[in-house]
Amino acid sequence: MSFFRQYIAPLIVVVIFLMALVAVSARIFLPSDMAAPAPVSLEYQYSNVIGLLPKN
120 MSFFRQYIAP LIVVVIFLMA LVAVSARIFL PSDMAAPAPV SLEYQYSNVI GLLPKN
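Residues 120 to 175 (the working numbering) make up the sequence shown, in order.
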């Protein structure tokens, strides 16, 4: 049990931290329009959907 507590558990914590760091740092390399937060306004979403529909 002490082997797990001294070696394995800290390794798991460090690996999870590094994965989170890589995920957050990946935003630097995204194009600027993809790095922005996603819109949450329903009006904005509906206007985009309606704008994509063909006009009859």
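One or more of the hints may lead you astray.
For each label pair, taking beta carbons as the anchor points, the in silico distance ranges come out as [stated by the list, open to error]:
#1 V132 / A157: 28 to 36 Å
#2 S121 / A157: 25 to 33 Å
#3 A157 / M120: 43 to 51 Å
Simulated from the structure, these hints should not be mistaken for lab results.
Beta carbons: idealized from backbone N, C-alpha and C, even for Gly.
A quick look at each hint next to the structure:
Roughly 30 Å separates the CB atoms of V132 and A157, a value that falls within the hinted 28 to 36 Å. The hinted range of 25 to 33 Å is not satisfied by S121 and A157, whose Cβ atoms lie roughly 46 Å apart. Under the hint 43 to 51 Å, the C-beta atoms of A157 and M120, about 44 Å apart, fit the expected range.
Violation of the numbered hints given earlier is confined to hint 2; every other hint is satisfied by the structure.
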